[in-house]
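Residues per chain, in single letters:
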Amino acid sequence: MRAPIPQVKVEKRAEPSKGVTLAVLVASLALALFVVAFVFWGYGVNPLDVYSAIFIGSFGSLFGWSWTITKAIPLLLCGVGLAVAFKALFWNIGAEGQLLMGAVGASGVALYLIPDAPPILLIPTMFAMGFLCGGAWGLIPAILKAKLKANEVITTLMMNYIAGYFVNYLVIWPGPWNGPGEYSFPYSSLFTSSAWLPYIPGTSIHYPTLVLGLALAIFMYVLVRRTKLGYEIRVIGENPEAARYAGMSYFKTVMLVMLMSGGIAGLAGVGEVAGIHHRLRIAMGVSPGYGYTAIIVAWLGRLNPLGVILSSLLFGGLLVGGDKIQVTFGLPVATISIFNGIILFFMLGGELLMHYKVVWRRPQRGGERRE
Amino acid sequence: MSSPETVVASLLGNAVAAGTPLLFGTLGEIYAERSGVLNLGIEGMMAVGAVTAFGVTLATENVWVGVLAAATIGGLVALVHAFLSITLRANQVVSGLALTMFGLGLSGLLGKQYIGKPLPSSLVVKPIFIPLLRDIPILGRFLFQQDLLVYLSIALVLVLWFVLFKTRIGISVRSVGEDPATCDALGVDVYLTRYLCVLLGGALAGLAGAHLSVAFAPAWTEGMTAGRGWIVVGLTIFAMWRPRRALLGAYLFGGVEALQYTLQPLGFSPQLLGMLPYIFAVVVLLVGTRETIRKRLGAPAALGVPYARGEK
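Taken in sequence, the protein lines are chains A and B.
Going by the numbering used here, 291 is the number at position 291 of the first sequence; the sequence numbering is gapless.
Counting from 1 along the second sequence, just add 371 to a position and that's the residue number in the numbering used here.
Mixed in with the good hints, there may be bad ones.
Each computed EDC-like pair below joins lysine to aspartate or glutamate, with the alpha-carbon atoms no more than 16 Å apart [said to hold, decoys possible]: (1) A:149 x B:662; (2) B:497 x B:432; (3) A:252 x A:232; (4) B:488 x B:560; (5) B:488 x B:550; (6) A:147 x B:662.
To be clear about the criterion: a stretch of chain B counts as covered by chain A if any three or more of its residues have a C-beta under 8 Å from a C-beta of chain A, and this derived list gives those stretches [unchecked claim]: (7) 449 to 459; (8) 468 to 479; (9) 632 to 643; (10) 651 to 657.
Have a look at the derived ranges for each label pair, beta carbon to beta carbon [what the hints assert, rightly or not]: (11) B:435 x A:42: 24 to 32 Å; (12) B:430 x A:46: 24 to 32 Å; (13) B:454 x A:310: 24 to 32 Å; (14) A:51 x B:562: 30 to 38 Å; (15) B:436 x A:249: 17 to 25 Å.
Hints were generated in silico from the structure; no laboratory data involved.
Glycine residues also receive a C-beta, built at the ideal position from the N, C-alpha and C atoms.
With the sequences and hints as input, model every part of the structure.
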C-alpha cells in the first residue's frame with residue numbers, strides 16, 4: 001500500500017504573464033535579502049546597517065552611481081553573452097576565462113602589435129582582437145561538446161582556471177609580458193595613452209564600452225527574437241530533438257553561439273584593461289569574478305538581453321556595495337557570493353511558482369487515479 | 372636532490388594524499404548521479420566542509436569531531452540542492468551553481484577568522500606508520516604511510532562499490548536513476564532514495580574538504596578547494612559512475628598535482644605548472660566521455676531530469 005497522496009498538488013500552467021514573472025523576481029530578491037540578513041546578524045553586524053551601507057554606497061551619490069555603472073559594464077557584456085548561450089542550452093560557465101583572454105588579446109595589441117597607432121585605429125583593433133580571443137576561448141568547449149560530447153560545464157570552468165594561470169604567467173616576473181622595471185610587481189607596462197578609453201568627465205565610466213554593451217544587448221535581443229539564427233537557437237535550447245528533425249545543424253549553431261558568447265565576454269576584458277587598468281594585471285586584478293556573477297545577471301534578466309541591462313546595473317551596485325561593507329564592517333568579499341547563491345536559490349524556487357500553480361485537493365480514498 | 376627512488380616514492384605517496392579529497396568527492400557524486408541528481412555544488416560543499424573541519428577542530432581540540440562536523444554540514448548544505456532539485460524540480464545545473472556560490476561565500480565568511488592561523492600539529496590528522504610494511508621500497512611510502520582518512524576513503528570505495536552493485540539498496544539507487552517512473556510503480560520511494568543519495572554526496576564532499584584542511588594542507592585559506600569540486604564532476608564521468616574506477620581517476624589526478632610539487636623546485640614556472648590539473652581534467656573528461664559512448668554505458672538515463680509522479 002502506498003503512502004497517502006499529499007493534498008497539495010502543483011499543476012503546470014501556461015506561459016507565465018509578465019506580471020507574475022516580475023512579482024516572482026522581486027519576491028526572490030526580497031526573500032534573499034531577508035535570509036542573508038540572518039547571516040549578517042549571526043556574524044554580529046546589524047543587517048539594516050549593512051543594507052543601507054550597500055545602497056548608499058552604490059546608488060546614494062553620483063560617485064556611487066559612477067562606480068556602479070563602471071562595474072555594471074563587464075557584467076552587462078558577459079551577461080548578454082551568457083544569456084544567448086543559455087538560450088541555446090549551452091551551459092557556458094566560462095565567461096570569466098573568455099573575459100580574461102579578451103583582456104590578453106587587447107593587451108597584446110596595445111603593448112606589442114601596434115602600440116604606436118593612433119587611437120582611431122588602435123582602440124577598434126583592441127576590441128576586435130579581444131572579441132576574437134574571447135570567442136576562440138569559447139569555441140574550444142563548443143567544439144568539444146558538439147564533436148566529442150564533452151560536458152561543457154566542466155570544460156568551460158576548467159578553461160577559466162587555465163586562462164587565469166595564463167594571464168598570471170604572462171605578467172608575473174619572469175613572465176614574458178612582465179613590464180621592464182616592474183620586477184616585483186605583477187604588471188605589464190602601461191599602455192600608451194592612445195590605448196586608453198575616454199571617460200564620461202568626472203566619472204570612471206569608460207563610455208565606449210558601455211555604449212558597446214547597450215548596443216549589443218539590443219542587437220542580441222533582435223537576433224534571438226527576429227532572425228533565423230535566433231529561431232534556431234531557441235528551438236535547440238527548448239527541444240534539441242525537434243531541432244534535429246527540422247534539419248538544424250547543432251554544430252553550426254553552437255559554434256556561432258559560443259563565438260558570440262565568448263567574444264562578447266572578451267570585449268568586457270578589453271574594457272577592463274583599456275578603460276580602467278591601462279595595463280594587463282594578474283587575473284584577480286583584471287576580473288574579481290565578473291564572469292561568474294554574470295551567470296546570475298543573465299538568469300535574473302530571464303535570459304532576455306534587455307533584462308540583462310537592468311540586472312547588470314543591480315549587480316554592479318551590489319559589487320560596489322560589497323566593497324563598501326568590506327571596508328566599513330570588515331566583512332569579506334565572499335559575503336556577496338552568499339547573497340548571489342541565495343538569490344539563485346529563491347529564483348529557482350520561484351520558477352516553480354511561475355510555471356506551476358498550487359492546487360489544493362481533498363485526498364481521495366483508495367484506488368489509483370490518473371493525474 | 373634525493374635518489375630517483377625516493378623521488379618516485381614521494382611522488383606516489385603525494386599522489387594518494389592529493390587524490391584523497393577527489394576520491395571522497397567523486398564517490399559521493401557517483402551516488403547522487405546514479406540516483407539521477409546532478410549536483411554541481413561539490414565545490415561549495417567541499418569549501419564549507421574544509422572550513423567546518425578546521426574551525427570545529429580548533430574549537431573542540433579534537434580533529435575527529437571536526438571531521439564529523441564537516442561531513443554533517445556537507446550533508447545539510449546538500450539538502451538545499453536536494454529540496455530544490457527533487458521536491459521543487461528546479462533546474463539542477465543552476466541549483467548546483469548556486470550551491471557552489473553559496474558554499475564558497477559562506478566558507479569565506481566563516482573562515483575569515485582562521486586565515487593565517489596554523490592548526491596545532493597535535494591536532495592534524497597525521498600519517499600512520501605501519502611498521503615493517505612501510506619499509507618496503509617505494510610501495511611502503513605509497514601505501515603504508517598515509518593518514519587514517521586515506522584508509523577510510525579506500526575502505527569506502529569497497530563498501531560503496533559493494534552496496535551499489537551487490538545489494539538491494541544499490542539496485543534501488545541505480546534503477547531510480549534509470550527509470551524512476553517504473554521504480555515508483557514498483558513501490559520504490561524515488562524521492563527518498565534521491566534525497567539520501569544527495570545527502571551522502573554532500574557528506575562525502577564535506578569529508579573531502581576536511582581532508583584538505585586538517586590533513587593534506589592543514590590550514591584555512593579562502594578558495595583552498597581551487598576547483599577540486601569541479602574536477603570531481605569530471606572524474607565522475609571518467610569513472611563511468613563506478614566507485615572502483617573513481618579510485619584510479621582520483622589517484623591519477625593526485626599524481627598530476629603531486630608532479631607540480633616535484634617539478635616546481637626544478638625551475639618550471641609555477642603558473643604554467645598550475646594549469647596542469649585543469650588541462651588534465653579536460654583530457655580526462657574527454658577520455659571518460661569517449662569510453663562511455665564506446666562501451667554504450669552512458670550516464671544514468673534520468674540524470675538531471677526531475678521526477679514528477681504522473682507527469683510525462
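Quick rundown of the hints versus the structure:
Distance restraint check for residue 149 of chain A and residue 662 of chain B: the Cα-Cα separation of roughly 11 Å lies within the 16 Å cut-off, and the hinted pair is therefore satisfied. In summary, the hint linking residue 497 of chain B to residue 432 of chain B is supported, as the alpha carbons are separated by about 15 Å, within the 16 Å threshold. Pair hint residue 252 of chain A plus residue 232 of chain A holds up; C-alpha atoms about 10 Å apart against a cutoff of 16 Å. For the hint pairing residue 488 of chain B with residue 560 of chain B, the CA-to-CA distance comes to about 46 Å; that exceeds 16 Å, so the pair is violated.
The suggested pairing of residue 488 of chain B with residue 550 of chain B is violated, with an alpha-carbon distance near 49 Å, which exceeds 16 Å. Taking the CA atoms of residue 147 of chain A and residue 662 of chain B, the gap is about 14 Å. The hint holds against a cut of 16 Å. For a cut-off of 8 Å, the count of residues in the segment 449 to 459 of chain B with a CB near a CB of chain A stands at 3, and the three-residue condition holds. Check on the segment 468 to 479 of chain B: 12 of its residues sit with their Cβ under 8 Å from a Cβ of chain A, so the three-residue criterion for coverage holds.
Beta-carbon proximity to chain A at under 8 Å applies to 3 residues in the segment 632 to 643 of chain B; the threshold of 3 is reached and the given coverage holds. A count of 4 residues in the segment 651 to 657 of chain B with a Cβ less than 8 Å from any Cβ of chain A is obtained; the coverage claim is therefore met, three being the minimum. The hint said 24 to 32 Å for the Cβ distance between residue 435 of chain B and residue 42 of chain A, and at roughly 26 Å that hint holds. For residue 430 of chain B and residue 46 of chain A, the hinted distance range of 24 to 32 Å is satisfied, since their beta carbons lie about 25 Å from each other.
The hint said 24 to 32 Å for the Cβ distance between residue 454 of chain B and residue 310 of chain A, and at roughly 29 Å that hint holds. Checked against the hint of 30 to 38 Å, the pair residue 51 of chain A and residue 562 of chain B passes, with Cβ atoms roughly 37 Å apart. Between residue 436 of chain B and residue 249 of chain A the Cβ separation comes to about 57 Å, which falls outside the hinted range of 17 to 25 Å.
Of the numbered hints given earlier, the model fails hints 4, 5, 15; all others are met.
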